[in-house]
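Enquirer: Chains A and B, in that order, are what the protein sequence lines are.
Using this note's numbering, read the first sequence as starting at 1 and increasing by one per residue.
Using this note's numbering, read the second sequence as starting at 483 and increasing by one per residue.
I should point out that these hints are in silico values taken from the structure, not numbers from a laboratory.
All clues stand as given, with none of them false.
Once the Cα atoms are required to be at most 25 Å apart in a straight line, the calculated SDA-like pairs of lysine to any residue come out as: (1) K361/A - P642/B; (2) K681/B - I977/B; (3) K650/B - T356/A; (4) K593/B - G362/A; (5) K650/B - F421/A; (6) K593/B - P368/A; (7) K440/A - N509/B; (8) K650/B - D433/A.
Chain A residues, not near chain B, derived (Cβ > 12 Å throughout): (9) L24; (10) V31; (11) N32; (12) H63; (13) M68; (14) Y174; (15) P266.
Which residues of chain B face chain A? A few of them, derived with a C-beta cut under 7 Å, are: (16) V623; (17) V638; (18) F652.
Where a beta carbon is used, it is the ideal one built from N, C-alpha and C, also for glycine.
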Amino acid sequence: MNALASLSPIYAEMFLLVMLCVILIVDQFIVNYTKTVTYLLTQTSLFCTVLILLFTHPTGITHLFNHMFVHDVMSYVLKVFICLSVMAMLLYSRSYLMLRGLFTGEFLALVMFATLGMMVMTSASNFLTLYLGLELLALSLYAMVALQRDSAIATESAMKYFILGAMASGFLLYGMSMLYGATGSLDINRIAAVIQTGAANKSLLVFGLAFIVAGLAFKLGAVPFHMWVPDVYHGAPTAMTMFIGTAPKLAAFAFVMRILVEALQPLMIHWSGMLAILAVLSMAVGNITAIAQTNLKRMFAYSTIAHMGFLLLGVLSGTIEGYGSAMFYAMVYVLMSLGGFGMIMLLSREGFEADTLNDFKGLNQRSPWLAFIMLLLMFSMAGVPPTVGFYAKFSVLNSALAAGHVTLVVLAVLFSLIGAFYYLRIVKLMYFDAPESHEKIYIQPDSSLLVSLNGMAILLLGIFPNTLMAVCFVSVRDSLLH
Amino acid sequence: MIFGYPLLSVAIWLPIIFGLLVLATGNDRNARLARIIALVGAVLGFLVTIPLYTGFDRLTSAMQFTVQNEWITRYNIYYSLGVDGISVLFILLNSFFTPLVVIAGWKVIEKRVAQYMAAFLIMSGLVNGVFAALDAVLFYVFWEAMLIPMFIIIGVWGGPNRVYAAVKFFLYTLMGSLLMLVALLYLYHQSGGSFSILKFHSTPLPSMAVQVMLFFAFFMAFSVKVPMFPVHTWLPDAHVEAPTGGSVVLAAIMLKVGAYGFIRFSMPILPDASHYLAPVMIALSLIAVVYIGLVALAQSDMKKLVAYSSISHMGFVTLGFFLFNAYGIEGALLQMISHGFVSGALFLAIGVLYDRVHSRQIVDYGGVANKMPVFAAFFMLFAMANSGLPGTSGFVGEFMVIMGAVKANFWYAFAAASTLIFGAAYTLWMYKRVIFGAVANDHVKHLHDITPRETLVFVILAVAVLGMGLYPLPFAEIMHASVNDLVVQLNTFKIPTPN
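Using the sequences and the hints given, assemble the complete structure.
Expert: Structure representation (structure tokens):
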């Protein structure tokens, strides 16, 4: 019994894995195409995972399995949000996928595999665990993008995603092996300790660091390693795009924190310069290229690149303040992304994708409420108060300024001004233009409720951001002070 | 807290809540209900602000009616409100205009009535927030949030070129605001972790270079809103394309927000940079007064003419501020109030003509007095006030600013006074071409005089314009203490002079 009790930090992952196997088996016996049983089972498992997480919330930092696995406040908070965002994503995409014949048992199983991968990533305390989680996530994502077998464009983007993703993983592994060579360990805390003593070979470390940063930039989609992002976002079915664009960003944030901040904190002067270049380029290329897009999914892809630049700006400040603001940014970004892609799926019908800008023309006349929610989402992405997007930008800029990066802050502000233009254009299309079709918008009551909640969350968190901010800062602070 | 409720919070949130209620009435089937709720909200919104005037202590320059609650503890941000003699008048002005705008749009707006009314009510609350906020982040939130309803108003109910105007308006103001945000963040770190505006006033900033940079950041935000030459070009576009109500709110209220920023932020926080850059600011102000006055003379579109006249009059305001004496500042503040009344009235008058003829071109009119004598009389009064005739509100502020300018430099006063000639020239020339002469065409021939609803609006504004012109003391006395305090603050330098 004692052995089982000592495993309590990993209960959630174990439960998810068990349920995953159950779902795979149960699904064999479900023939109807709506897959209601499998779907409800998946949602229930995710919900129970959240409950288990809440019951096993950490007190301090616990390590498990020979320092392979860590249970701290940051991983706990991120896991809860990952599960919630996956649940929201499933809710949003159910009818969309059903109409396209993609709502299969495999899809649900892949989603759960990916979720498990993300949870492992956020709790990794060893490079091997980290890589294990990352690959579990990545492989599920490749398969998900390719799920629409009869679509050439989806297959192409899956191929691109796979090849570039594999290359990025190669970079990461190469970097990790160099760090292993320099420090003689794969354990994150151990590596930090060895580097601190100064015993490790400096040039080997920095060389390894460069590869690791390149790999991370690939995974995050930061310029100049961003080429896959627009193609994958555009080509994949919108539900998969939504999945790629939401929960994995939280996991990626944890990934960055574990590697750069926990393992390689002593090398901060090196990586913060690299991240500065990535951040500025991402904000520049993302915001400027987004203007030229006519496809909304592609536009969101470039906007993601720009947002990742902002997130990196928080990380590169190198302070608790900065990490906390980056975490807050990641959470807010996920919330906005869910709403944005959710809106595309709500407006899509059988055989019709509402993913071009023109599909949003005159939305205010067709459905004022949806238009209002989209307006909130767009202003939030642009960082205009009183939406929560403003506080995300605010806290990142504040921490970067506190760390003395005045030039970066001014550049970030100017690029977000450019960014405002294309978000504004959506508002313009919805409110100022006449609709192209007057077809009635029919939405399932559950997704309608969810999108309303999502929009209201953007507004209410914008008026009362205190709690979420406090959660982020506390979890970063309590997880990093050893 | 007086009368048992937090006046300022109510002044901000009551219109916003009513705005949401109006929005909830849904589509145009319930247009009548939407209008009535909007009017009730707007009138109540004005009534709740009256105790701000009657209960105001005129002897102190301290903030009054203050409210302070924790908001974002992480960054030491408070929900902190308060007014002094400078800001209280603008809250009243804003709340005073909201019912007028609702009445003015009563019949004219036929599509998406609820959204139109809601946008104005929400904006009214947000503008009150800008004037009442004592926390820089709270101020910024209200300042930016204000853009959203205005963007929608111009873009949805505006004229043919509305989209261009709306986007230009938004991006211009956003650019300025974002730089201001950086400045606020800098001051936050400099002041030891506080966003209190009053604390910013006493934050030491011993380097001129830093002060000048911060001044520039604030300048970008505020000068765009004022607007000052040379960043004024969005205003004529926005005005021309906005619906009447939008133009009224832009001219009467929004422009004041920028000028208010100068006296709440730039000048007291950065006294040294303000003095150092005063010649530049005065030069820009005088260019606005003289050059834009001449530009107004050349306009063939009535709304554009009044828009340029607004820029020219706002030049007076910034000129008055940067003279650093009590005459100049008080005159500028009075000019702001007066310009609110006058430009609002002029836009409403043009709106009356536009609703009937659907043209803003001067050439499309002529001899309107024959058909609309009552309207012509009101329009006359407002035109005279716009050209600064003694006895109207327009005279008081201009006169005081010119007096202040004489004290500073004769030539400033000389250039500024030219506006009395140009202002009269463009306003009265426009008036003559539109109102007098023979009936110009069939459209004019079929005009009917103003309705009781329109008369009500004009009577209220005429009383305000004449009242302020004949007896400005109630407006002036309330600001004395705060202005005197501000002048002292402006002459307390933060950089020690070497001697």
